[in-house]
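Enquirer: In case you want the letters, here they are:
Protein chains: 2
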Amino acid sequence: MSFSIPSQQTQIVLRERPKAAIQHTLGANDSTYEKRTIPVPKESELKDGEVLVRVEYVSLDPAMRGWLRDARSYLPPVQIGEVMRAGGVGVVVASKFAGLNKGDQVSGTLGWQQYAQVPGKSVEKRTIREGSNLLDYLGPLGSSGQTAYWGILDVAAIKSGDVVVVTGAAGSVGSIVVQIAKLKGCKVIAVAGADDKCEWLKSSLGADEALNYKSPDFKKTYREMVTKKYGYIDAIFENVGGEILDMSLLCMKPHARIALCGAISDYNNPKPDGLKNYQTIIAMRIKLQGFIVFDYAKRYAEAEEQMSRWMNEGKLARKFHVVGEELDAKAREQGKSLELAPKALVDLFAGKNSGKMVVKVAA
Amino acid sequence: MSFSIPSQQTQIVLRERPKAAIQHTLGANDSTYEKRTIPVPKESELKDGEVLVRVEYVSLDPAMRGWLRDARSYLPPVQIGEVMRAGGVGVVVASKFAGLNKGDQVSGTLGWQQYAQVPGKSVEKRTIREGSNLLDYLGPLGSSGQTAYWGILDVAAIKSGDVVVVTGAAGSVGSIVVQIAKLKGCKVIAVAGADDKCEWLKSSLGADEALNYKSPDFKKTYREMVTKKYGYIDAIFENVGGEILDMSLLCMKPHARIALCGAISDYNNPKPDGLKNYQTIIAMRIKLQGFIVFDYAKRYAEAEEQMSRWMNEGKLARKFHVVGEELDAKAREQGKSLELAPKALVDLFAGKNSGKMVVKVAA
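From first to last, the protein sequence lines are chains Z and X. Residues in the first sequence are numbered consecutively from 4, following our numbering. Residues in the second sequence are numbered consecutively from 4, following our numbering.
Rather than coming from a laboratory, the hints here were simulated on the basis of the structure. Please note that the accuracy of each hint is not assured.
You can't tell identical chains apart in this list, so a pair holds if it fits in one copy or across any two.
Claimed, not checked - Using 27 Å as the maximum straight-line C-alpha spacing, the simulated DSSO-like pairs for lysine-lysine come out as follows:
{"hint": "1", "residue 1": "K222", "residue 2": "K22"}
{"hint": "2", "residue 1": "K279", "residue 2": "K217"}
{"hint": "3", "residue 1": "K322", "residue 2": "K162"}
{"hint": "4", "residue 1": "K256", "residue 2": "K205"}
{"hint": "5", "residue 1": "K124", "residue 2": "K45"}
{"hint": "6", "residue 1": "K22", "residue 2": "K256"}
{"hint": "7", "residue 1": "K22", "residue 2": "K279"}
{"hint": "8", "residue 1": "K162", "residue 2": "K301"}
{"hint": "9", "residue 1": "K217", "residue 2": "K105"}
Please read these numbers as outputs of a predicted model, since none were measured by experiment.
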């Protein structure tokens, strides 16, 4: 591969912290983000140990909402004026780091920008395995996949025969969780926000049931299904939180486990209703455990190995929702697809994606 | 010892399920309980395997509120017209069970009554150890002590140096938890509902701090103490739930553990506010785990052994709040102290006890 590196690049930076929903109109008075055009660093400007990465794709994740909040968390918040933090994959175009050469494919925290000047040790060199590609490192082989793998197998500790509920089941993490739980012999009840997602979950991913939480009789159907038809829940992989989680608390078996991965329904809500049914955590001896994939960093290789094998055996489907794919190469070269990222993030919270949402950055 | 067994006895039975608070006035239109006088079973009326136990003391526990609720739980609800379920200690006065003889001291679910006709295998024969007495089987050696022991050591998994919060710290379970945590080398912040309780927690039980949650500046003081002075919380033994738990969620270290034992602040509340700060369970990878002491039944002997040793070494203080002690023996013989039980249970929810609340039943 050969590239010409342009002199200017586009970055999307944090302009002001959103009070509730993200304001996506770049240039508007209340815009959460703003566009910045700056020179691309020259090879001579790299510090020792740094690399320059041409960003191919960046990730859009629910967790990003948390990174905008100025609160104590597992990572410091993105600062005002800073490039929006995001996972990404790309190609090294210049290197002053011994471990990486020009042309190497990498993944890491690259941010919403076209070219990332980062410490070489902060990114991971990726050798593409049989049956997968670089983009999979933002999907099953990246943090989505790692989150799914460790959350369902270690935190929720599922075993064959378990009745497992997955919320946000058509999302990047949920769709992998559904498949792992099926591979492990569980009965899977998937919850998603659209009929076509439910159809995909059942016909393509093998979920035993898939329910649209936006359907008017969802609560009743869900409660009766998990209690009467399936005899209560052994484990939940929770991406949505809020009302669904609260209702589920009343439908758990003794000693059930909840892997609390996300609470997307409340991320934009300054005053969440909260878990009113928490007392049943006592009576049913429920373990409700939050987790962050980074805590499993030392075991990533283990999951990657297993997930690659499943992918190569055709047992693990994945779907990407690629923002900016419809633009022409020239527009992308001008950073136009990054300008779509803020709106895409808002769409993600509205559940308009099906599968893993990414932005195609490079031409 | 010798006893004359009377022909009649008093029982307190469930009359109607309370909608919110327990209505304690026996005989009133809305009374939760009613008094019943029935013949004491004769020895000849015992079935094979049964014993007749003269009840010495019965226990009053926050968990009793849950047993009145007609909901799926770890035990079936007490039925209308049934003797109120309660732990108790007593003496066998007649036996058709090979494992127990007249005069044996036992503990078990004896109920709010003067004489309990129960299967011999449902009660435990108690040999009193050096440094303890029968009543301790409703305290440190009974389910309060077992709850404290397993909750703090196994569920909350404390280790030396941990910053540990104990709510309901002056209660039957909490007061033991505080002492175990100190014995294990933790820093203990005790939360209770009265200044004299706080004084006792510090001066007699060794808590590093004790805060009265009814004091007007409690929230601010608590938050600053656990975050600034102690550098966030490693583990909570939670008896109270509600607002205090919700606030504590924001003050946890990464990977902190919460042993959810009770939620007394919400037991009488038909519409709890709920845990609004549950999202921090994700960011801080908190484990919030409910537990019920019965799940540790196979390991009771282990805890009993350790607790007895601590008691004999003078390392484990206990305090009983004995209802009906002020009555004369004749009044107790007529079951008058049991008539005080419903009101005492209401007092328990109002935090009027300090230490383990029991009713002295026998003369």
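Enquirer: Which of the listed hints are not met by the structure?
Expert: 9
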